[in-house]
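Please model the entire structure based on the sequences and the hints provided.
Heads up: the sequence shown begins at 220 in the working numbering, then just goes up one per residue.
By construction, these hints were calculated from the structure, which means they are not laboratory data. Computed from a prediction, not measured in an experiment: that's the story for all the values here. A portion of the hints provided could be inaccurate.
[As the list claims (entries may be wrong)] Calculated lysine to aspartate or glutamate pairs in the EDC-like style (CA-CA distance at most 20 Å, straight line):
(1) K479 <-> E531
(2) K411 <-> E531
(3) K548 <-> E560
(4) K470 <-> E482
[Said to hold, decoys possible] Here are the in silico distance ranges between beta carbons for each label pair:
(5) K362 <-> G424: 17 to 27 Å
(6) A271 <-> P492: 49 to 59 Å
(7) T341 <-> R272: 18 to 28 Å
(8) T379 <-> P583: 40 to 50 Å
(9) G424 <-> N509: 15 to 25 Å
(10) E531 <-> G328: 38 to 48 Å
(11) P583 <-> T341: 43 to 53 Å
All C-beta atoms in this analysis are idealised placements derived from N, C-alpha and C, irrespective of residue type, glycine included.
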Amino acid sequence: MITRKRLAAGVCGLLAAMGVALLPTPATAGEPDAKPSPKVELTLDVSGSMRARDIDGQSRMAAAKQAFNEVLDAVPQDVQLGIRTLGANYRGEDRKVGCKDTRQLYPVGPLDRTEAKTAVATLTPTGWTPIGPALLGAAQDLKGGDGTRRIVLITDGEDTCAPLDPCQVARDIAAQGIHLTVDTLGLLPDAKTRKQLSCIAEATGGTYTSVQHTKQLRDRVHQLVERAADPVVTPVPAEGSRQCADAPKLKPGLYTDREKFAEHRWYRVDVRPGQELRAAVSIGADRAVNNDYGVLLRASTVHGREIVRGAEAGDGRTDVISSGLRYPKAPMDGAEEAPAETVCLQVSNSFSAPASVRTDPGMPVELSVDLVDGPSDASDAASFGLGHGWWLLGALTLAGLVAGLLWGWISRWRVTVWRTN
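Structure follows, in structure tokens:
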């Protein structure tokens, strides 16, 4: 009897063990739904000019190291991070050799914070500024995988290795369609450096930031690394109409369209009482255009009365021009189900081009629409509708009138007292 019980228990144990072995492990079960890891490579200029001591009383290199150490402590776990340098090794005067001076200091992958900090601590300002070769190397480092890819370039000067134009290198990277973004940060940049770094960023859909202080550098790099971990939003196609009555109704989200030169396009958004509409539009000049152009984003009622507008002008120095607006709708007391107001959004541009430039297809338009809770803080100008402009003008006029009356009364009183005495 005891033997039979032991035999039954042994068989049950064997079956249970086989069942556990056949079950998928958590890693295996989660693989099909696992989110691709984003990749970031911090690309740091270690050229001789980084010795300059003009950032918060310390050298540019020391400021960069301090910012890097603090950023490395806060890198999200799912981000694969690497570090590449340019101008860190060659001290000589041979330009051909100096323009090849870029290497990967820390490989792109799961971050070992201690190892990465140790590698950064060894850097000493040394040589040239081969930005173009460094961008090519960083793009190669980030190859593979389906996650977002981002290069964060930090430099205090323009490229010294022409004719390999770093702006053209950025355009070539963008043309590969690998969805790699280059963000640039200029340490106390001059006009030439600003122009070059802005061109690199705009070519890949990235951002350019001028940095004056260590904290500003740290905060911006940290923000860009965190942004890489955010999911990429794919714009939804939306074809605007020639009048508001026929316009597509948009919900909060990101939309894409095409707009010809000097064209107007309309969209509609429903805004409920107590909500604030926030909208922004960007138009890319993806072909040769004449200088002096602008973009207008206007919100109006269905009857054509303008509510608020945002406008921006350009002069040919950028490939993208953007504008935005805010419209808070006041809450209605005692109305449980207050009807929404239909707001008409008009997107217009004043681009023109030489006769040899084709106008079809239209230029790319990206429209962002968001609805948030209306402002409740009295210090927020939008809570008073000052975004309309007229409220602000009226308030300033009234304040000036009262001040003028008071000043006139005080002046007359002083004259009267003087005459009496």
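- request: Could you tell me which of the hints above the structure violates, numbers in ascending order?
  value: 2, 4, 8
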